[in-house]
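Residue numbers (our numbering), protein chains in the order written: chain A, 317 to 704; chain B, 317 to 704; chain C, 317 to 704; chain D, 317 to 704.
In case anyone wonders, no lab produced these hints; they're calculated from the structure. Each hint should be verified, as a subset may be incorrect.
If several chains are the same, the list does not tell them apart, and a pair holds so long as it fits within one copy or across any two.
[Unchecked claim] Taking lysine-lysine pairs in the DSSO-like style, the calculated list, with each CA pair at most 30 Å apart, reads:
| id | residue 1 | residue 2 |
| --- | --- | --- |
| 1 | Lys474 | Lys496 |
| 2 | Lys471 | Lys580 |
| 3 | Lys557 | Lys580 |
| 4 | Lys658 | Lys388 |
| 5 | Lys505 | Lys412 |
| 6 | Lys580 | Lys672 |
| 7 | Lys557 | Lys474 |
| 8 | Lys412 | Lys580 |
| 9 | Lys471 | Lys658 |
Since this is a predicted model, take the numbers as computed values, not measurements.
Protein chains: 4
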Amino acid sequence: MQKIRMGMVGGGQGAFIGAVHRMAANLDGQIELVCGAFSSTAERSKQSGRALFLDDSRCYSSYQEMFEVESKLPADKRMQLVAIVTPNHLHFPVAKMAIEHGFHVMSDKPATFTLEEALALEEILNAHDVLYGLTHTYTGYPMVKEAKALINAGKIGKVRKIVVEYPQGWLAEAPDQSNKQAIWRLDPKQAGISCCMGDIGVHAANLAEYVSSLEIIELCADLVATVENRELDDDGTVLLKFNNGARGVLMASQISVGEENNLKIRVYGETGGLEWSQQEPNSLILKDLHEPNQILRAGIGQQSELATANMRTPAGHPEGYLEAFANIYRNFAQQIRAFEEKQTPDEIAQDVPGIKEAVRGMAFIENVVAASQSNEKWHTFSIAPTNK
Amino acid sequence: MQKIRMGMVGGGQGAFIGAVHRMAANLDGQIELVCGAFSSTAERSKQSGRALFLDDSRCYSSYQEMFEVESKLPADKRMQLVAIVTPNHLHFPVAKMAIEHGFHVMSDKPATFTLEEALALEEILNAHDVLYGLTHTYTGYPMVKEAKALINAGKIGKVRKIVVEYPQGWLAEAPDQSNKQAIWRLDPKQAGISCCMGDIGVHAANLAEYVSSLEIIELCADLVATVENRELDDDGTVLLKFNNGARGVLMASQISVGEENNLKIRVYGETGGLEWSQQEPNSLILKDLHEPNQILRAGIGQQSELATANMRTPAGHPEGYLEAFANIYRNFAQQIRAFEEKQTPDEIAQDVPGIKEAVRGMAFIENVVAASQSNEKWHTFSIAPTNK
Amino acid sequence: MQKIRMGMVGGGQGAFIGAVHRMAANLDGQIELVCGAFSSTAERSKQSGRALFLDDSRCYSSYQEMFEVESKLPADKRMQLVAIVTPNHLHFPVAKMAIEHGFHVMSDKPATFTLEEALALEEILNAHDVLYGLTHTYTGYPMVKEAKALINAGKIGKVRKIVVEYPQGWLAEAPDQSNKQAIWRLDPKQAGISCCMGDIGVHAANLAEYVSSLEIIELCADLVATVENRELDDDGTVLLKFNNGARGVLMASQISVGEENNLKIRVYGETGGLEWSQQEPNSLILKDLHEPNQILRAGIGQQSELATANMRTPAGHPEGYLEAFANIYRNFAQQIRAFEEKQTPDEIAQDVPGIKEAVRGMAFIENVVAASQSNEKWHTFSIAPTNK
Amino acid sequence: MQKIRMGMVGGGQGAFIGAVHRMAANLDGQIELVCGAFSSTAERSKQSGRALFLDDSRCYSSYQEMFEVESKLPADKRMQLVAIVTPNHLHFPVAKMAIEHGFHVMSDKPATFTLEEALALEEILNAHDVLYGLTHTYTGYPMVKEAKALINAGKIGKVRKIVVEYPQGWLAEAPDQSNKQAIWRLDPKQAGISCCMGDIGVHAANLAEYVSSLEIIELCADLVATVENRELDDDGTVLLKFNNGARGVLMASQISVGEENNLKIRVYGETGGLEWSQQEPNSLILKDLHEPNQILRAGIGQQSELATANMRTPAGHPEGYLEAFANIYRNFAQQIRAFEEKQTPDEIAQDVPGIKEAVRGMAFIENVVAASQSNEKWHTFSIAPTNK
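Next up, chain A with everything else stripped away, as it sits in the complex:
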């Protein structure tokens, strides 16, 4: 048996998210980086590759070249999986070509630039026999999975209300031109129709649906561009209705001064409640109608298989963001192994965000922008592209 061989598009020296993908893929020793199209020039791609201990021959100057060349390598040598860590507008064309050349895809989020592309991607995947994963990292945390398992097991009764919030403060000022992370997110040409909702609101929506196993069906939104001269939203609040009748509130903000990456979810059911916060991810508070609240901690007491299979250390040895990210890679690697052995992946391996989440995520972004522009209170969540 060999490690899964992975290539990467994007992620050259200085890029942040590419390094995160590589660490996540490295952690469990199941995946080996074998090639990459790290930059748009041959030389810079090679430079990046050397720092990753790759041979120059596997460092390509374009993703097109990489897919062409790698697909002709011997089966036991060629890349099996490609990680896409480019700017957003390239996610779709890279994924499309990868799929058409028979490579499995792990894409950074958001899946595509528009909902229309996401739907097209879904069609392409339906027509090809490859696997697709999407790094909605936050659902990779064990205690998020425990929350989902508890709700599925009826621990808090029928869900009535979900409050999900994602405040950050890093865009509270106009950014320097040197701050590339900020500049592209605020540029409609690179980021699409939303900054705040596209970048982090979509994570919050995904988290709410994942944990509750519910779907958003209506929304009412107020998105604002708080800082002067911004074309895109940097803050927004969304009222939600879910398909079981539950209500919800989604808050996302990039102008909440002093907040880091404070994603937090609270779910209230008929008989209990759950609260989880990304900045203290190893705890999950379980609330009760009449009894004291409990602090569920990763690794303490009886916990679901879904959660425990995604823990690496004993209780009290905190796991963090990279471990959550690595869970997505490890579970996807298991999916690939099952695929290659023509077996059905187990529940744990299947628990990876995929094309369904890609489509719903892009639909969320387009629906929330449309809802914000409307004078009517409620907007029906639709997965038909609004820009057609």
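Got chain A sorted already, so can you dock chains B, C and D onto it with the hints?
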């Protein structure tokens, strides 16, 4: 000099909030309970009064009798101030008669049953030379006052966003008939047009306006009656616009299982942020664009006069709900003393919720209900009664 | 029925702890301040009394005068109870004279200046039919009482280990001469043989014995005078052995920069653990061998009578230091009523620190100083005075 | 340039700490596992190796065989570094043979079985030109490094007091025979002369010395075997004196029911204080004499190079135990690269626990046991072996 002499309407044995008012009035030794119309029968009123060490002659069978009799007692003996702790629908007639008999009033909230009554009360007060206070308790906390003072001093820059939430869980189930606190709040005849917003949402709105020194001008609301067979809301979320352009979110809930009385406010400005939570009231988190967050603690470092004048113990000796309540009474007692000496009360004595807050609170309740019933997204906050 | 009539020795204008005693006595409306010897001159005593709305005739220039005069007043008018809030070296003579004149005593801690005095006080009390209370405030908190009740009920099994810590930072620097609270505590003539252990270590020892219902039998101590030119300890750690074989650690410090009044206790038994912190007094963490930890909150779920009888507000309405202090006064007032009616006080009324705690507290101070001076590791806790 | 090639002794299937070492070595992609002597039989070693994608030819049946064979492989293929993750009693002989064959060593802690062995290891290292690292994991956390840097920069003034505690609860009961982790730690033949101090107390001592840059010079200890029939300590408290005159308290416990791995350190200086807790490792509380406490957070504001070089993710993306562990491996890998290039490693690369910490750790264990057995209060910390 003598203690301020106080009477009470309502608050007989077994009633909760009357006892709270008495403890709050007692704490600083500035006020003396001298009489009461504690219950609707003479005997039960006397029984309650005896347990409070009152003479039978000062325990009345009705508030009408009390105001009549007390107003004819010698000036150095008669009640100066009446605390109104009856069910809501009596707040207005009791306050009206008290004012007309020349007694100062401290009313439990909400001030009246309808906005129309609140506006009528305002007119009555304008025509009489007495003082009126309203127990919006939460603004009595020192660190809430510190937050207000910091914002007024420009510490966080122009306010951009306010998130205020008030989750409770005690109405998550249909209550027993023995639970009188729950039964009347859910009954439109006793509670008015709203349960959740009328009981706690109004506190949250008051806190947001107090801390920020801003006013709500538009709102978008989604109120729900979550538990079966309820006529009134037990949960709701409101999007807010403030008069300086800031946005806000107000969440109030009585069905958030496992939450006690978790009022919390976050205010974000251009250069800083503030966060305060009622269940840990002696801390105030100050957030900064670039520097580490600070935990401001009651009594530590240089703090505003507004805050320090409302502290009783050194740092690390926690003060709580009753002390916040007592601040309202103590400051109001100072107002009365200034009034009697025909002096202008100082800033601290003036810092008591009054008729303006009474009117805005009732207006909030009526506006939020109207907004929730509307299909349009935004509803203009109006202080003209909506039910006229 | 009348309020209990209380006099006060000490506590003139500007004194801190006298005001705390008065607020604590006021809160529940069971006790009325009727007289005082607030200062050592007649005029200043009267001035202080007037601010408390007392008649000049009840403001005395000395405690001797007060006891003489008050004991001759009619039974329904004279003081029944005296609160002693003088500097430490006067606690004993004032208490002695009060007892000999038939007045009940509520003394600030430490009970006396020396263990010898405490033992003498015990003898005097044995010879007179009056009640004695001591304000070890921290055992007045409801969740401390809940911890005691849970341990007594076997909830955590046999106690094995107690960690009690009391860090403060206010003496980390040499104090200004204007800081009277600091100056006298650091002066052996006024404070006795210990600063840190006498002021706060004794509270920690009392808390450990109260919560566990155990007694310290051996100790090993390291007391230090950290800041230059200090004669008395400002920091110390003590290893403890309890009478059931449990071990303990007691840390007290006045030089722990940035700490306010951070008294905290953890008790570990065979099957569970408990953790309580004075700065968040409404929570008590219950720990379990195999199950998630629970956050017990004042007013939530089934709690002991000992705890609930000492709560005044519903869950989520925080109570603090003054309420804990007031519990001591209220329970002592009930003791006095039972005494006057020649009845046995109930468990709640009896739950007030008294002469036993006075003696053990003074013994703790003397033993811990002796232990620190010894070169042997273990020192046997003895209640024979060490300075005889 | 190639990855550093690592072998492993111990860590076969089912072993916990071996997997942790591998994940830590994997994370940054700087190190490649190339061989191992995972188990004491050839077949089980091969089985473990296959699961790690190793060729059978590099899976050895003994460490002796591994060192012999690997040392004869070509320079660009053979192992450069060996990770020792065996039971404690093998640490010394494996490290000794590795060093003598020219391999760099990364050893799990404690370094050896006795202080005598640690001193012997030091001599061997002095005679050979190889590098030695020791996985005192907790000093790998960025905010621990920030604390050290702040203290070195004088931010809290001269250190006066250190409180370090390490409570766990997992040995509060007699373990099942199936609990191998517990069984060997409680067995003097496998664990040495101490269970609790050898396993976790030594981490606490190391953390205190690392953060403060001070050394323990005297100690007073009370170690106990709490649970029946135990030969070794499962709980203990140690009073400390440091070489600058500062006092300290070290508490370690394995019978503190409900505690996970709650290592926590507080350091108080003349003008400030620091507090860090392993279970929330991304925060560091900075305390001040007069100003509000600050919560320093990984990645926020200006921080030391020592800290920031050991962070991988932006603020609000929590890092945990494995990242701290990985810092040790990454920094050691940089040391090896500098060594091979005959350069001086930079400050970051040098910041890895090594033979000095190995010797002091073993000395701590022997001194603390000796101190506990003594009837004298203070025991001088000595690095001469006590069992000679």
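TODO: Pop the pair Lys557 and Lys474 into one bin, within, between, both or neither, using alpha-carbon distances up to 30 Å.
DONE: Answer is within; shortest intra-copy Cα gap is 14 Å, inter-copy 33 Å.
Open item on the list: Within, between, both or neither: how does the pair Lys557, Lys580 come out at a Cα-Cα threshold of 30 Å?
Closed with: both (19 Å within a copy, 24 Å between copies)
- [ ] Can you give me the call for Lys505 and Lys412, within, between, both or neither, at a CA distance of at most 30 Å?
- [x] within (20 Å within a copy, 61 Å between copies)
TODO: Could you figure out if Lys471 and Lys580 sit no more than 30 Å apart (CA to CA) within one copy, between two copies, both or neither?
DONE: Both: 20 Å inside a copy, 27 Å across copies.
TODO: Using 30 Å as the alpha carbon limit, work out where Lys580 and Lys672 are close: within a copy, between copies, both or neither.
DONE: within (23 Å within a copy, 36 Å between copies)
Open item on the list: Cα distance capped at 30 Å. Does Lys474 pair with Lys496 within a copy, between copies, both, or neither?
Closed with: Between copies only: 27 Å across, 44 Å inside.
Open item on the list: Within, between, both or neither: how does the pair Lys471, Lys658 come out at a Cα-Cα threshold of 30 Å?
Closed with: The answer is neither: 36 Å in one copy and 54 Å across copies each exceed 30 Å.
Open item on the list: With identical chains, the pair Lys412 and Lys580 could be close in the same copy or across copies; at 30 Å between alpha carbons, which is it: within, between, both, or neither?
Closed with: neither (34 Å within a copy, 47 Å between copies)
Task: 30 Å Cα threshold - placement of Lys388 relative to Lys658 - done: The answer is within: 23 Å in one copy meets 30 Å, while 42 Å across copies does not.
In terms of the numbered hints stated before, the structure departs from hints 8, 9, listed from lowest to highest.
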